[in-house]
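S.K.: The residues making up each chain are set out below.
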Amino acid sequence: MNTKYKKSLKIVTLLISALLIATASATIYYSLSVDGTATVDDTYPVALVAGADIGGGSVTGGRTATLAVSAYLGVTLTYENVLTVDNGATTPSVRLRHVSIDDTYADDFVFINIVLLDGSGNQKGYLNYTVSGSAFVLTSDTDWEAMAADANWNIRIETQAAATATNGHTADIAIAIDVQE
Amino acid sequence: MKCWCTVKSRNLTCLISLLILVGTLNIAKGSINFAETIQATASVSSPLVTLESVSNSEIFNAGTSANVTVSNETSNLNVLRILNQTKDEWQLQLIKYDESNIARLTNCTIWFNNGSTPSKQIEISDGQFIQPSGDYYNLVGGGVDNITITASTNTAGTSYIYTHLKILKPNTSTYALYIITFEVT
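As they're listed, the protein sequences go chains A and B.
In case it helps, our numbering puts the first sequence at residues 1 to 181.
In case it helps, our numbering puts the second sequence at residues 182 to 366.
Chain A on its own, in the form it takes in the complex:
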């Protein structure tokens, strides 16, 4: 009994030692990654870049974009390339994510669609805001999608205002593009 107990104790000690070493290694690796990102501040592996249709919008530091789009009464207005999602040498997973939308003037709109497309025009995710009563209703595809190295994806926005909409009314939308490496 004593010998077996000692053996078990040795195994547990060994496992804990191995675990401490593994944890320490992983922690150092993680810290190194964070340091690298901090050093090269303007070269995120996946960056937002202004597209041909950004108009009065802007992109700051590849991480934040502000967009201003119009919506015409009863007409579908399409911004095919409002933003480009530009990947570097890594192969991350990417997804669209809804954050918030302001319902104040929801009934002035028919829809606001935000679509993520790959370089061949294949849909990789969408956030479609339609209107029910006085509120926006979201249907979405927010699955993680693998992005190849050096790939450039595209964000398209489609809008339509209601036939009875009031000029100047707005809808503020916040969304995110999550990146996982």
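Wrong hints could be hidden among the right ones.
[Claimed, not checked] Here are the simulated DSSO-like pairs of lysine-lysine, each with C-alpha atoms no more than 30 Å apart in a straight line:
id	chain 1	residue 1	chain 2	residue 2
1	B	K268	B	K301
2	A	K124	B	K301
3	A	K124	B	K277
4	A	K124	B	K268
Derived from the structure by calculation, the hints contain no laboratory data.
Could you slot chain B onto chain A? The hints should help.
M.R.: Just chain B now, with coordinates in the frame of chain A:
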């Protein structure tokens, strides 16, 4: 009793080891997650280009949609006027997206016409589409273009040509699609 204790001790050791390993998986994975944020504001705006009836047409949605009705033996009839409400240039294109009962149309031609340079956009001959869309046509700042139609049929009935008037901002891929339906009786 001794045997039971040994088995229990081994199982406990295995269980603890397993729990510790599973619990530290995230540490070992070392993945990086971050989010890029997009703040968009959509504003209801007056259309920058509007349609106006010249003849045989009805206008809807604040000048962004129209129905045109013409009869057999219509020739070079201006039916709609396209008005540029801005000082910016736009590019226009008429694109067929659907049709109904066009076999009776011996000829139906629709074109843009600013008085000097016409641009054929849609042509049907002997019930077949010869041209379902046209080249881009410049609408200058503050300018006016007409939509003109010629149509003839060989039997009684009603034919429909459903089109989009595409209005493209030059050097971008920003565009609006206006619905214009042509009815030939």
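S.K.: Look at each hint and say if it fits the structure.
M.R.: We went through each hint and held it up to the structure:
1. Note on K268 of chain B and K301 of chain B: the hinted pairing holds, with a Cα-Cα distance of about 25 Å set against a maximum of 30 Å.
2. Taken as a hint, the K124 of chain A and K301 of chain B pair is broken in the structure, with Cα atoms around 38 Å apart against an allowance of 30 Å.
3. With a CA separation close to 28 Å, the supplied pair K124 of chain A and K277 of chain B stays within the 30 Å bound.
4. Straight-line distance between C-alpha atoms of K124 of chain A and K268 of chain B comes to about 37 Å, which puts the hinted pair past the 30 Å bound.
The structure fails to meet hints 2 and 4 from the earlier list, while all remaining hints are met.
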